[in-house]
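So the sequence shown is residues 68 to 463, counted in our numbering.
No wet-lab data here; the hints were simulated from the structure.
Note that the structure is a prediction, hence the values are computed from the model and not measured.
Honestly, I wouldn't trust all of these hints.
Said to hold, decoys possible - Only pairs whose alpha carbons sit at most 27 Å apart, straight line, appear in this in silico DSSO-like list of lysine-lysine:
hint: 1; residue 1: Lys-177; residue 2: Lys-267
hint: 2; residue 1: Lys-386; residue 2: Lys-376
hint: 3; residue 1: Lys-441; residue 2: Lys-386
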Amino acid sequence: SCPSLQKVVLSLNYLDETSSCAVLTGLSRASKLTELTIKNNRLGVKGLQTLSLALKERSILTSLTLWNCDLSAEHMEPLADVVAEGCTINTLDLSCNFRIGDEGIKCLSKCLHKNRTLKTLCLTNVGLSSDMGCGSLGALLAANTTIECLNLSENHINDIGIACIAAGLESNATLKTLVLESVGAGADSVVVLADIVLAKSGRLGVRLGKVKVAGADSIRLALKLKNNRAREHLEVFWDSNSVVNLVDVLNRCTHVDELTLPDITFERGATGSPNCFSTLFEGLCASDNVRALTVTNADSVGSEEAFSKYLSRTRTLEKLRFLYGAIVRTDDHIMAGLVDNLSLREVHFGDTLFTSSSALAEVLHRNSTLEVIKFYHFEVEELGMTKLIINLKSNT
């Protein structure tokens, strides 16, 4: 036994229920354990009961992650003993246990009503889909006074389910971040969440996810968001089929603090005909009201001439982020747009492979507004690095 253990991670062990019980029994003597992460192991009812007994007497556990542990609705009752009233857990992650379902969420929500320590609850891809499960979470949010972050991404939650969750938010005063990333959300979800976020006066941030918006709904949505400051705290992804409607919304808004383009593949039109990307960036050029733009995958815009034109023409965009992908020597459109840009202050290349050193050298030499450039995945040959250093020295 190791009584001084503070953090335990059991990942990719693929233990069965019996083996998991044996391991968890040994944790009963780890009186200093504060973080326990179990991934890709089968716990079963007996495993959860063993875990409950191991933590009951001397536990000071603050973080519990049970990721992809084949949990289902029947496991939520023994889990209730682990997160019962009086426990010390402030972070609970049950992600990728898709068999939990609405019945399991209902049981879990009920047992969390009495919990007064939990601050972060992550239920990504747990099979949440119906009004029953969402209604239970809404009731939990209405009663709970400690949860600050709730992650429900990768669940099939429609507008009705989101409305049930939103109903619980009306009387909730502690939640700061709600991540939905739902599959079935539409314009109604944006409208109801915008009202809630506005009522919270910026104390609540919501990440809604990919939204499908019909033509008539886009006008209603634009009018809702036009003068609603909730847009500063409501992040919405747009379905590729709704790009034209997104442009309509942007044209009706006086300014947009941040726009995020998800990792989607827009259909290319026939030769010489406009595609969805062209429509989107032409709309951005016309409205020029976006202050920060996040491109989830750099690969999706690297060859787009319309994106280059937008970068060279905008006078409002101040921050540009690429989350991942690759920017290589052939992605001249991105770098050409950065050379001619007169508004950007920051450009972040997150987990983005960057090899276009000569083009970057040209940006450093000619751009007059950039103050911050960040790289996290940078590959450059020696000659290219020399050019970069020379241009960095001459850049003032």
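Numbers of the earlier hints that this structure fails to satisfy, in rising order
none
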